[in-house]
Amino acid sequence: MKRREALQNIAFISAGAALLPACDFATVPVYSNIPMERKQWRMVEWLSDIVLPKGELEITTPETTAEFVLRMVNDCYEPEDIEKYVAGIQGFEQYLLETFDTNFKRLDEEQTTKLLSELDESTAVPENIKYLYSTTRGLAQQHFTSSEFFLTKYLDFEFVPGRYLGCVPVAG
Amino acid sequence: MSTDTSHQFDAIVIGAGMTGGWAAKELCEKGLKTLLLERGRNVEHLKDYPTTNMQPWEFPHRGQVPYAIRKENPVISKCYAYKEDAMHFFVKDTEHPYQQDKPFDWIRGYQVGGKSIMWARQVQRWSDYDFEGPMRDGFAVDWPIRYKDLADWYTYVEKFVGVSGNKDGLDSLPDGDFLKAWDLNCVEEHFQAKVKESFDDRHVIYGRTAHITEDRPIFREQGRGLCQNRRLCQRGCPYGGYFNANSTLIPWATKTGNLTLRPHSVVHSIIFDEKENKATGVRIVDAETKETTEYFANIIFVNAATLNTNLVLLNSTSSRFPNGLGNDNGLLGKYVGFHNYRGKINAIHEGHKGFKTEGIRPTGGYIPRFRNVYSQETDFLRGYAAGFSANRGKSVNRDGAGSTMRENLLATNDYGPWRVGSHMMGETIPKESNFVSLDANQRDEWGIPLLKTNIDYDDNDEKMLQDFFEQFTYMFEKAGFTNIRTRDTKQAPGLDIHEMGGVRMGKDPETSMLNEWNQLHACPNVFVTDGACMTSMSTQNPSLTFMALTARAANYAVEQLKKDAI
Chain A
1 MKRREALQNI
11 AFISAGAALL
21 PACDFATVPV
31 YSNIPMERKQ
41 WRMVEWLSDI
51 VLPKGELEIT
61 TPETTAEFVL
71 RMVNDCYEPE
81 DIEKYVAGIQ
91 GFEQYLLETF
101 DTNFKRLDEE
111 QTTKLLSELD
121 ESTAVPENIK
131 YLYSTTRGLA
141 QQHFTSSEFF
151 LTKYLDFEFV
161 PGRYLGCVPV
171 AG
Chain B
1 MSTDTSHQFD
11 AIVIGAGMTG
21 GWAAKELCEK
31 GLKTLLLERG
41 RNVEHLKDYP
51 TTNMQPWEFP
61 HRGQVPYAIR
71 KENPVISKCY
81 AYKEDAMHFF
91 VKDTEHPYQQ
101 DKPFDWIRGY
111 QVGGKSIMWA
121 RQVQRWSDYD
131 FEGPMRDGFA
141 VDWPIRYKDL
151 ADWYTYVEKF
161 VGVSGNKDGL
171 DSLPDGDFLK
181 AWDLNCVEEH
191 FQAKVKESFD
201 DRHVIYGRTA
211 HITEDRPIFR
221 EQGRGLCQNR
231 RLCQRGCPYG
241 GYFNANSTLI
251 PWATKTGNLT
261 LRPHSVVHSI
271 IFDEKENKAT
281 GVRIVDAETK
291 ETTEYFANII
301 FVNAATLNTN
311 LVLLNSTSSR
321 FPNGLGNDNG
331 LLGKYVGFHN
341 YRGKINAIHE
351 GHKGFKTEGI
361 RPTGGYIPRF
371 RNVYSQETDF
381 LRGYAAGFSA
391 NRGKSVNRDG
401 AGSTMRENLL
411 ATNDYGPWRV
421 GSHMMGETIP
431 KESNFVSLDA
441 NQRDEWGIPL
451 LKTNIDYDDN
461 DEKMLQDFFE
471 QFTYMFEKAG
481 FTNIRTRDTK
491 QAPGLDIHEM
501 GGVRMGKDPE
511 TSMLNEWNQL
521 HACPNVFVTD
531 GACMTSMSTQ
541 NPSLTFMALT
551 ARAANYAVEQ
561 LKKDAI
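Chains as they are written, first to last, in our numbering: chain A, 1 to 172; chain B, 1 to 566.
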């Protein structure tokens, strides 16, 4: 009996999940200056990742890229810039629909590449969308280049060098 | 108001920063029961350095100060060291307002240790070319002392704080008791050689800096260790590698058993007793409870930092001194000066491509004043010193988006060109029209009148700035640097954090406030030994001179007390 009940429950949960593929129980984090609906927040997460994909790299950071991007915009940017950023978030879904006839979850790799080059280079992209993109891009880059991984492996960073040498031959 | 006997001390020191710390150390060592008053909170070495071991990626905003804080505090936000890692050591504009009749960026550190926690640690001695400046060039008044009066005290201070430097043998910048220096890098040496080729009297040297680079028994006794080249000094150092009052002076004074440290003590005024014709104590307002208390002592050292020392004296009124303590001649608060830091110059050096630096160095190159040293040679008075540094970092390709950007970043390998830069530290001429005063109406929440600043640049400063640009452009060209760019930051006075004067030393009570031992002419048991005592400003970073003057005056005060002369 018990086993059957358990199986039934699993079947029920599976059915629910299948019926509601977008079901997302995570709580949308609150950024006092950046009002976002759940799908907009997911969209910023997605954008923060595709703009500088970590791929197979194992980079440990205290926060996700999107968390850093949103925290920086929310806390450090001027109100008029935050306004542009928020407008960018609000207009992005429509922009994708018009440009690719789909939403961000359904973009394939080729479309994603096209989107990035369009955002990077096209002058036809609406100003707020462009601002959303360039800000997210810049902050994702800052998150990456200020990581322990990048600082120590690529920028000679040492927390406690214990020395200063003024004239060292460059290797190679 | 409490006036019980436990409020009686041998000495009271107002301000627990760099010079107040020195006064307390000297007085306590000589056996005086000393009350050290500090308006801010206590900051204990090691214990109260919350960010000292944080990695750069651990700061939520990677060092940036959030917008709301910058917006509310525009003045302090201009300070180069006001970043996420050390902002807790700086006074916010909103916490302690003041009245800028002319723009003045007043950078303050209200805590035990004061600004010695976040200072830039440059310690260059003055020479007689500096002390003789006012007399030779006819401004301010003649200093009552010369280099010989201070030389041994410079050594005394250097031995205790630890100073890394080279013996350069320059008469314009006397050598001291130095610990070994780190390298000048190859491009700094290149510039040094090129400048030497063209000028006999211009020298690029290593900037003497208050860091421990050699083991000595005195540093062990202080519990301080070698500098580990992190260059995160503004957070407080876990090794005690650089000098601040918290690691060095306060614990030393505490060890004597003679120190009483009272944080959260806003000094209202110094109490003057008309019958005894001397200062007898200090009236404070507790910063937290707002309660007024009086403390009494035979001598009082005022070390509240330049402008606050002026404020304390201006607010110390009595029927004998209606215009502020010791202010018979009306000079109190006047002849304030600072350092002109407006000039910056940057360039690229295409040479030395086969070399780089390794590790970190908490100082840089220094070019002592070369203008008007031996005689007047320009259409402006005095001159400027300058910093000079060369750096080379990895070149990072930040272009692209998506995996292209990742590939670009991960291709980081080669070094970019050497970047060189210099900034001026110009002497300003103290003038009567550069002054501070008390606002007649507005008071802060402790009932102290707000300070008003009337301090500005003058024509001499503008000419000097242009000369810095011309001379350094020429020297940079001689060194083969390219892409030379000069920049006038147009910053207001104050941001140099080298404000000085207002209670100047001099020989004559008619024309100065303090005598040769930093005693108020008109109230000799009050000593002023912080930046407020400076008669002229010269070009050197002034802290070392403040400390030497303080140690000298404190020892003199003890001698005079023994003789019952004060």
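It is worth saying that the hints were derived from the structure and are not from the lab.
It is possible that part of the hints are untrue.
Claimed, not checked - Listed next, the in silico DSSO-like pairs over lysine-lysine satisfying Cα-Cα at most 27 Å (straight line):
| no. | chain 1 | residue 1 | chain 2 | residue 2 |
| --- | --- | --- | --- | --- |
| 1 | A | K130 | A | K105 |
| 2 | A | K84 | B | K83 |
| 3 | A | K153 | B | K83 |
| 4 | B | K194 | B | K353 |
| 5 | B | K71 | A | K153 |
| 6 | A | K153 | B | K159 |
| 7 | B | K278 | B | K563 |
| 8 | A | K84 | B | K194 |
| 9 | B | K563 | B | K78 |
| 10 | B | K159 | B | K278 |
| 11 | A | K54 | B | K394 |
| 12 | B | K78 | A | K84 |
To see whether the hints hold, each was checked on the structure:
no., hint, result
1, A/K130 <-> A/K105, "holds (20 Å)"
2, A/K84 <-> B/K83, "holds (26 Å)"
3, A/K153 <-> B/K83, "holds (25 Å)"
4, B/K194 <-> B/K353, "holds (18 Å)"
5, B/K71 <-> A/K153, "violated (36 Å)"
6, A/K153 <-> B/K159, "violated (40 Å)"
7, B/K278 <-> B/K563, "holds (17 Å)"
8, A/K84 <-> B/K194, "violated (51 Å)"
9, B/K563 <-> B/K78, "violated (49 Å)"
10, B/K159 <-> B/K278, "violated (35 Å)"
11, A/K54 <-> B/K394, "holds (21 Å)"
12, B/K78 <-> A/K84, "holds (26 Å)"
Checked against the numbered hints above, the structure breaks hints 5, 6, 8, 9, 10 and satisfies the rest.
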